Amino acid sequence: MELANQQKDFFQTFGFLKFPGLFSDDIERITNTFERIWSDHGGGHQGETHDYQRRSALLQFIDQDEYMSSLIDDPRLDGMASGILGDDYNYVLSDGNFYVGDTQWHSDYRIPKPSIKAAFYLDEVAAESGALRVIPGSHMINDNFSSTLHEIMPSGREANTQELLGIYGDQVPAVALESKPGDLVCFDRRIKHASFGGSSRRRMFTIVFEPHYEDNELEKVHDHIGSLSRFWCDRAYGEVMIRTANPQRMVHLEQRLANDSHLAELTRKARLEMKEPARG
Amino acid sequence: MKLTKKQLNFFDTFGFLAFPGLFLDDIENITSAFEDVWSRNGGGHFGQEHDGAQRSALIQFIDQDEYLSALIDDPRIDEVCASVLGDDYNYTGSDGNFYVGDTMWHSDGYRKSKYRSFKMAFYLDPVDATSGCLRVIPGSHKHGDLFANSLEEVHTARDSSNNPSDEIWGVDGNEVPAVPLEITPGDLVMFNHQIKHSSWGGGERRRMFTLNFEERYADPDLPELRERIGAEARFWIDRIYGEVIIETATASRMVHLEQRMANDYHMPELVRKHQEANAEPSRG
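Residue numbers (the working numbering), protein chains in the order written: chain L, 1 to 280; chain P, 281 to 564.
Careful: at least some of the hints might be erroneous.
What the hints assert, rightly or not - Derived pair list, reagent style SDA-like, types lysine to any residue, alpha-carbon separation capped at 20 Å: (1) L/Lys113 / P/Asp452; (2) L/Lys220 / L/Arg230; (3) L/Lys18 / P/Asp452; (4) P/Lys286 / L/Asp170; (5) L/Lys8 / P/Ala437; (6) L/Lys8 / P/Lys392; (7) L/Lys180 / P/Glu455; (8) L/Lys8 / P/Gly450; (9) P/Lys392 / L/Asn142; (10) L/Lys8 / P/Pro444; (11) P/Lys282 / L/Glu163; (12) L/Lys8 / P/Glu433; (13) P/Lys286 / L/Asn160; (14) L/Lys8 / P/Leu426; (15) P/Lys392 / P/Asn492; (16) L/Lys113 / P/Ser430; (17) L/Lys269 / L/Arg230; (18) L/Lys8 / P/Asp452; (19) P/Lys286 / L/Lys113; (20) P/Lys286 / L/Pro154; (21) P/Lys286 / L/Glu158; (22) P/Lys285 / L/Thr148; (23) L/Lys18 / P/Ile448; (24) P/Lys282 / L/Leu164; (25) P/Lys286 / L/Thr148; (26) P/Lys285 / L/Tyr168; (27) L/Lys8 / P/Asp345.
To be verified - Just the calculated beta-carbon pair ranges, DEER-fashion: (28) L/Ser147 / P/Gly481: 33 to 39 Å; (29) P/Asp388 / L/Gly166: 24 to 30 Å; (30) L/Leu218 / P/Leu502: 33 to 39 Å.
In short, the hints are calculated from the structure, not lab data.
Source: prediction; values computed, not measured.
Where a beta carbon is used, it is the ideal one built from N, C-alpha and C, also for glycine.
Throw the hints in and build the complete structure from the sequences for me.
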């Protein structure tokens, strides 16, 4: 699936793209596999049953299953990622989630390079029932608009929409990307996003991509990989993802694999300091 | 009704503000006055009946009626304007409209200027996302931002394309990511003139009128102000304001009229030229 120039321009301008029904034919198998992976891990966060109170998250999610791993070989995902990031893009990571309730406004990060999150929602979600809401254009981090929003809704801290704008988070002007199972939603990770009104076991998993880094930027790759230690990952990817990779997939794994040698030690330290791996 | 710091932040950040029900008690009188002004002007564009096929527009709209002119003295308007633009703001004009169908994406003026300006809109019929309400792209008013600049293409391409958003982004105009400002008569909405806005799916006689305001210009920038005033000649108006709004002006209203009145002397000549070149005044 090659993206049209208009789709690329849409993504660059607004910071997201939606593909209704793109995986409709596969969603039953995807959903069954999603549930099986969770069952194999106790059904919730850190091997415990999902408690419906807090988000359960499982990192290297698709990496644990051969079929799910092969999603990144699928022309529908590969074409989207290469169309925006170039043919030599990196696969970064995947998380599987049971979301609970609201997710406040945030961006995943703010760095000059784009990075794409592809999200599969396995339950139907609407504006008031947990659909992703985005603020179009807020991914352009050098803009006044984006900077102002970042002051109001800084990542990693509580959004100040009430204090600064006089409105609740769910009243922030935004676009709700309502989704049915089988749709694919992709967004620039720098975009401000949130969700409101969702149930207490909202099934969603993501697959993240970034551009291939130049050799003189490998320190950044090294740092980004190190941040995975909070999820208690020993390597950049899961064992199944690596073991079942064909040469074509390896193009998208090799840079991060070559730069993850420090991760196991960082994770060892994290295990000493944290009661459980991070939930997000 | 002074705006709070939070409301000012909201307006500065997103480029618009809505005031649900602010004129609910007055909307019947306002609507009657709106219809009266149109009746006195033939019921549609340029003295002809509204034909339901093209937008009818009447400039110096509130200026033609004493009650409507007094809206700019009302604290719900005046204090909001003063909050954003300063106490010495200029009233810049008003238009009354029967809109027809869709209005494509555009800004009322996307340009670099140190003077802020905005539009207040009264919708006299209920409108929602698919029946002609205003849609805005939050943040698109921030001239110079990469985001706002990127969006400008959809405006400039209007001259060469029937569906510029499809050519640029592969989506119809009504699919462009935006926020609909659904309206019940009596609500007031205001938006920065630079913001990208549009409406989709409206009927053939959608009643709406606007009031426009700007910051007062500093003396060295009066040539820019005269240029802005001159652009209004396309509506075939010899003076920048209508007779009634001037005749009935109190001293406090005159604060908001006098700068533009003092700089509109070039309009009759510009109007004469426009009349020679065009069959009717501009519709927008």
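Hint check: P/Lys392 vs L/Asn142, CA-CA at most 20 Å. Holds or violated?
18 Å, holds
Is P/Lys282 close enough to L/Leu164, meaning Cα to Cα at most 20 Å?
The given pair, whose Cα atoms are some 17 Å apart, holds under the 20 Å limit.
Restraint check for L/Lys8 with P/Ala437, where alpha carbons must lie at most 20 Å apart:
Given that 20 Å is the threshold and the Cα spacing comes to 18 Å, the pair holds.
Are the Cα atoms of L/Lys18 and P/Asp452 separated by 20 Å or less?
Holds, because 14 Å separates the two Cα atoms, which is no more than 20 Å.
If you draw a straight line from the CA of L/Lys8 to the CA of P/Leu426, is it 20 Å or shorter?
16 Å, holds
Given the hinted pair L/Lys113 and P/Asp452, is their alpha-carbon gap at most 20 Å?
29 Å, violated
Please work out if P/Lys286 and L/Glu158 have their alpha carbons no farther apart than 20 Å.
The given pair, whose Cα atoms are some 17 Å apart, holds under the 20 Å limit.
Hint consistency between P/Lys392 and P/Asn492 [alpha-carbon to alpha-carbon, up to 20 Å]:
18 Å, holds
Under the criterion that the straight-line Cα-Cα distance not exceed 20 Å, is the pair L/Lys8, P/Asp452 satisfied?
16 Å, holds
Straight-line Cα separation of P/Lys285 and L/Tyr168 no greater than 20 Å?
16 Å, holds
P/Lys286 paired with L/Pro154 [C-alpha distance capped at 20 Å]
18 Å, holds
Does L/Lys8 pair with P/Glu433 here, judged by a C-alpha cut-off of 20 Å?
It holds: about 15 Å lies between the C-alpha atoms, which stays within 20 Å.
Hints 1, 6, 19, 27, 30, counting from the list given before, are not met by this structure.
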